[in-house]
Each structure stands twice: as structure tokens, then as C-alpha cells.
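K.L.:
So you can see what is in the structure, the chains are spelled out below.
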Amino acid sequence: MKIPLSYIVRNLWTRRVTTLLTAGGMGLVVFVFAAVLMLDAGLRRTLVGTGSYDNALLMRQGSQTEIQSILYRDQASLVETMPEVARSASGDALVSREIVALIAIPKRGSDKPANVVVRGVSPTGVGLRPQVHLTHGRMFRPGTSEIVAGSGVVDGFEGVELGVPLRFAGREWLIVGTFEGGKSGFDSEVWGDVEQMVQAFRRQTFSSMLVRLRQRDEFASFRDRIATDQRLTLEVKPEPVFYEDQSRSLSQFISILGVTLSAIFSIGAMIGAMITMYAAVANRTGEIGTLRALGFRRSSILAAFLAESVLLALLGGIVGLLLASFLQAFTVTTMNFQSFSQLAFGFDLTPRIVLITLAFSVAMGIVGGFLPSVRASRLEIVDALRAA
Amino acid sequence: MGHLLKLVFRNIFRHKLRSFLTMLGLVVAILAFGLLQTVVQAWYAGADMASATRLITRNATSLVFPVPIYYRERIRAIGGVKAVAVSNWFGGIYKDQSFGNFFPQFAVDHDIWFDLFPEFRTSPQELLAWKHDRRGAMVGRQLAIEHGFKVGDTIALKGAIFPGTWEFNVSGIYEPKDETTITRQMYFHWDYLNERLKQLFPKRAESAGLFVVQITDGSRAAEVSQAIDREFRNSLAETLTETEKAFQLGFVAQTETIVMAVRIVSFVVIVIIFAVVANTMAMTARERLAEHATLKALGFSPGFVGALIVGESVLITLMGGVAGIAATFPVAQGFKALLGAMFPVFHVTGDTVGMQLAAALAVGVLAGLVPSYRASRVRIVEGLRHIG
Chain A
2 MKIPLSYIVR
12 NLWTRRVTTL
22 LTAGGMGLVV
32 FVFAAVLMLD
42 AGLRRTLVGT
52 GSYDNALLMR
62 QGSQTEIQSI
72 LYRDQASLVE
82 TMPEVARSAS
92 GDALVSREIV
102 ALIAIPKRGS
112 DKPANVVVRG
122 VSPTGVGLRP
132 QVHLTHGRMF
142 RPGTSEIVAG
152 SGVVDGFEGV
162 ELGVPLRFAG
172 REWLIVGTFE
182 GGKSGFDSEV
192 WGDVEQMVQA
202 FRRQTFSSML
212 VRLRQRDEFA
222 SFRDRIATDQ
232 RLTLEVKPEP
242 VFYEDQSRSL
252 SQFISILGVT
262 LSAIFSIGAM
272 IGAMITMYAA
282 VANRTGEIGT
292 LRALGFRRSS
302 ILAAFLAESV
312 LLALLGGIVG
322 LLLASFLQAF
332 TVTTMNFQSF
342 SQLAFGFDLT
352 PRIVLITLAF
362 SVAMGIVGGF
372 LPSVRASRLE
382 IVDALRAA
Chain B
152 MGHLLKLVFR
162 NIFRHKLRSF
172 LTMLGLVVAI
182 LAFGLLQTVV
192 QAWYAGADMA
202 SATRLITRNA
212 TSLVFPVPIY
222 YRERIRAIGG
232 VKAVAVSNWF
242 GGIYKDQSFG
252 NFFPQFAVDH
262 DIWFDLFPEF
272 RTSPQELLAW
282 KHDRRGAMVG
292 RQLAIEHGFK
302 VGDTIALKGA
312 IFPGTWEFNV
322 SGIYEPKDET
332 TITRQMYFHW
342 DYLNERLKQL
352 FPKRAESAGL
362 FVVQITDGSR
372 AAEVSQAIDR
382 EFRNSLAETL
392 TETEKAFQLG
402 FVAQTETIVM
412 AVRIVSFVVI
422 VIIFAVVANT
432 MAMTARERLA
442 EHATLKALGF
452 SPGFVGALIV
462 GESVLITLMG
472 GVAGIAATFP
482 VAQGFKALLG
492 AMFPVFHVTG
502 DTVGMQLAAA
512 LAVGVLAGLV
522 PSYRASRVRI
532 VEGLRHIG
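Here the protein sequences come in this chain order: A and B.
Residues in the first sequence are numbered from 2 upward in steps of one, following my numbering.
Residues in the second sequence are numbered from 152 upward in steps of one, following my numbering.
Just so you know, the hints here were simulated from the structure itself, not pulled from any lab data.
Don't take each hint at face value.
[Stated by the list, open to error] Output of the computed footprint for chain B on chain A, the stretches with three or more beta carbons under 8 angstroms from beta carbons of chain B: (1) 29-37; (2) 59-71; (3) 95-105.
All values derive from a computational prediction rather than experimental measurement.
Yeah, the Cβ is synthetic: ideal placement off N, Cα and C, and Gly gets one too.
Here chain A stands alone, though its shape is the one from the complex (with noise of 0.2 angstroms):
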């Protein structure tokens, strides 16, 4: 027979103080794993979103971000001339020449410089990115000193704003836009003209290129013309697995930062709910042996008490779970190891975390309640019923 579910949500009740706080501290508990999972979440589908797998990206053999790459124009032409290269109406190559270089302005609140990816895009470039779209303004005009500024940068730093010239490489560059990555890593740039940028850049190169595929699956082909080619000393990789070894490193530390934190202190809530468990078996001694009396099985009274246990755990973890939920709200702007620029990132709270959260609050119950739950049930019914 089972000890009906009333029975243990009215003992929950009864010491409501007990609960509440055993209940809270698993909350904040489930609120930072949720929350570092959220950020996760949010990173990568930052980074991932920022590719597309229609297009490739090409950079100098061995270097790691387009910072550090450098492709020649000769390089350039050679590439666009390849048959695996999508084509306008017109015949052109739908291929992006692109300059990258790092300009630091104060982050907002603060007057401390942080990096801001700054790109130079041919006029196709654009076009090669239909998830970025314009908000305010309009798009800079080739052959001229104007810009646009992704939303991450307008919010996050200082003096960006829509009409308010932007001083670097030794020019005024007015922001005559703002766009929308949606919510990739495009956020976080400020956009101009390619050519415009590398005469005020001083260089002679360009960083990197940008290909519209014409099919998705030629990519292959397109990797191995690019290799035999003894003149191109390029790699090529598709859109969106570049941008995600860019966040690898950012988003190993977070999970394992995450991961640690969590574990340490899931022992504190797990040891707060052994704890209140014990107490509970201790104060209802007589009440169990009427159990017993009355006919209920040990096996009832340890899944009574294991389901009170889990029953608190999985309300701390609704609690913290609400709690990260406002997390949403939240921008978070922080350093990318690898490009050594500021990325614009939020949290993201996918059903797939609330399982997990859920399920490992459930474990943090089951674990702190189990011993407690096992002495309920070993207790000798004329034992039980003395003490009371």
C-alpha cells in the first residue's frame, strides 16, 4: 500500500520555515547551474548563428582568427574566379573581400577601452549575411567614410550613436546606421566599406573573404581546388564551424567554471536537505511506527520520505528556474579569448535546460534524502511507537 501523495506535501506544509529555507538554498543552487548553462546556450547559439553553411570563409593557412590573417589580391581574384562560387544575375562573383581590425572604445559606464571588431565588407558582403538587418539609418555607401554599428556595440559602448562621427585610423567615420545581427556575432561589429578601410588602415591586404557557395555540398570540392592550388596558401572553412572554434575557448570556461561551481555547491544544498530529512524522521518517529502499525510496508515509508525529499528539492529547483528565467532580460558583453574582441552575448533558456535542471535538482533530492529515508524505514515498530 502507498502512503498517499496529500499526506506529503501536508508534512512539507506543516514546517513551512524548515522548508522554505532547505528549498531556498536549493533554488540558488539550481539558479547558478541553470544560469551557467543559459550562458552557454546563449554563446553558442551567438556564434553558431553568426555563419551560414552557404558560405566560406577563407584564411591564411594557420592563423586563428581574421585578425591575424592576411589574404593578398591576387589571392582574392584568383578565388573568385573558381567554379564552385556563386554567381549574380550579372555574372558576379558573389564573394565578400573583407578587412577585420580591432579599434578600442570605452565600454559604456565605464571609461575603460575595450576592443570592437571593426569590417570592411565589399558591397556584396552585405548580402552574404541575410540575417543582418538594418534598425535605424541606412546602409554605409561605398566609396565613402560611413559606417554602421551593430546593436551590441551601440548599446555596450560609449558615444555610438545613430549621426555621431567615430574616430579611427586617423578619419572621421560617421554612423549613418544601426543593424541587427539577430542576435549572432555580427551584433558586436561596427561595418564600412572595405576599400575605404584598407587605405585608412595603411595596408595593402585584405583579412579575410567571405564565398557564397553555389551548392552547399560543393563545398568539398571547393576545399580541395583551394589546397592543390600551390598559389593560395589559404584554408577554407564553412561559415558557422569557423565562428564556432571562436567560441570554444569562452565556452569551455564557462562550463567548466559552470560545472565546478555547480558540483561544489550542490554538496551545501544536498547536506541542507539530508539535514532537514533527518530532522523529519527524528521528529515524526511515532507517527512512523503508526504507519507501520496501521499496515504500511518499510518500502512505503522509504518512497514516502524519498518523495518528500524530492518533492522540496523540485520546488527549490522551480524556484531557481524562475529565478534564471528573468536572466533572459540580461546582456552579457565580455571578452572572446580567441578574437580578443568584445562579443555580445545572453542567456538562453532552451527546453533542454529546464529538463536537465529539473532532473538535477531531483538528483540533489534523492541523494540528500536517501539516508534519511532508509533510517525511516529500518525503525522497529515497537521502537517507534515508545518514542512517541
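Model the placement of chain B on the given structure of chain A, informed by the hints.
P.N.:
Below, chain B without anything else, positioned relative to chain A:
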């Protein structure tokens, strides 16, 4: 007073398991708190090492842009400047791109570098050998331990910024002055880098990543910085000069969000353990209501009863706290061995220990306050009627 202490002590051992679990929770929480505080401090290790008489001059646009090498002579000519040394970030890959194999390498002015950084202890013979070997490298003690580098070894690096394979001979190993000195980097001759660049990429040669400027008088730092920047105003590469400390703090500011998160989380763990201890004390006080009423009936003051509970709470947290502090040191050692790549300086300071102790004490007092207030206010008749 004697009675009080005796009673408090006896009370702790009444519920051995509960007290033990609570203390265990405290050990974990205080340990986690201490480690997180140390992580925050480790973040500032570079800035802590900075000297007041060293300035950093670099390209005003951002760090990734070089400065012409001939600036060195012009800076040296400025009043108040004692010495100038070039330093280029090399960014070579050792073995593979994994996080653990990453370490910073700098191409520097070999003839004066170690005069500028007295916190690195070198042996005169090794230093001389380094100065005479064009491909020689000086390796920090910690780096040498991590990878087993010995004098005479060859280190091969794959260039990510400067393509090709670069080989260096370990001429010497420098030692830290104290535990705040970072010795997880490698220095080699800037001349060697420049010579090879002249052959391979002549356009990228003759340039400096940044200059370390030693000044005669630390109090004139602001004035000399301005003088240097004035010298290069409206030139092709305008400079930004700041104290070494400000320069290092600039790096910290780039990752400020992470530091902030770690700091917040370190206080969350204290709140979690507070919930656990408060719960323990609330349960304990509730169980002993009749006992407290008896004490009052015997003539003990409400203050005595209150002190009994707060005393017990503080004693438990202090015992747990001290054990937690004791555990912090060996765990920090292990942490450093594991994450040396991330935190080359990981040193538990006196401040941290003080904060740990204060946190334990605060948790003890606060957790005991509410139940103690209730117990001191309980009416004797009601308390005696109450059954445990």
C-alpha cells in the same frame, strides 16, 4: 559564563550527525568562497605585478596595430625617460592549439629587458648566454616546470601571427621574486624576429607591438606619458601611453563581466550556507522549546537562553569555517596545478582568510538570531506545554 559555554558545547554534541553535517556544509561553502575570492584576485595578478616606474606605449587605435621601431629612439630622447624596450606579442603555437599548451611568448630587447623587470631573478651566466645566442630564449620557472624545459632544450613554435616554424634554444630559466610574480612566459630576441621578417615579409618588419618605457621618477608618470603621446600626435601611428598598471587593468576591464559574475557567485554560496545553518538552528530551537522554558522557570534570564542558541550557532560555524580555511590552502595548490595556464598566480592571501572568517562568523550570528529571539520571548507556560 562558564555554565553558558559548557551548555553550548554539550548542546552541539546532542545531535552529533546534524552538527557534523552542518559543519561539513560550512567547510564546503567557506572553501568555495575562499577559492572564488582567490580566482578574482588571480585575475588582477598582472596588474598587481605592475611597477610604478614603467609605462606602456602602444598604437592608439588598438593593440593589434604595430608602432614603427624608430619611435624607440624618439621616446628615449624625451625628458624623464630612463630606458625603452620593445616587446612584440609572438602568439606561437606550441605542440597544438589546446588550452594547456598555450603560453605567452614575447620578442623583446634582449640587452636591457631583465634590467627593466627586476622581479625576474636571473643568473648572470644564463643571462649572458642568452644575450649571446640570437635564437636564445629565457623561460619562466613555472613554464619550465609545466613543460619540463631545461637549459639547452629546443622549443619549436608554429607561428600564428608570423607564419613558419620557429626554433628557440633555452638559454636560461628565470625565477620569481615572490609568489605574486608571473613566470609563465617566454622571452626571446626581437632582432631574431625582425631579421626573419625582413626576409619573409619585409613590410611587416621594423615594427614594435609596444614599448616598455622606464621612467626615472614614478610621480612624473602622467607628465611623461603626455609628452610621449604629444611627440607622435598626427603621425601615421598615434600612440597611447599609460602606466603599466592601467594597461594591465585595461585587460581586466575587457573581461570585467566574468570577474563580476565570479564575485557575485562567491556571495551566493554564503547565502546558500546561511539557509542551511538557519534551518538547523530553527529546528534545534523548536525541538528544545520545553527545555528553554524550563531554564527560564529555573530563573535563567531570557538573554541567557538567547545566548545559548546564538553561541551554539556561532561555535558550529566557526569550527566549520576554520576547517574550511585550513582546507583552502591544499585545494588552492591543486587548483593551481590544474589550471596554471589560466591562473599563473594563485595565491591565498591574508585578506581572503579574513573574509572567510568574517563570513563564517556572520552566518553563525545571523542564523542564530531569529530562533534565539523567539526562544527568549517564549512564555514559560506555553513552552512547558509544548511537546518536542
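K.L.:
If you test the structure against every hint from before, which numbers come out violated?
P.N.:
No hint contradicted; all consistent.
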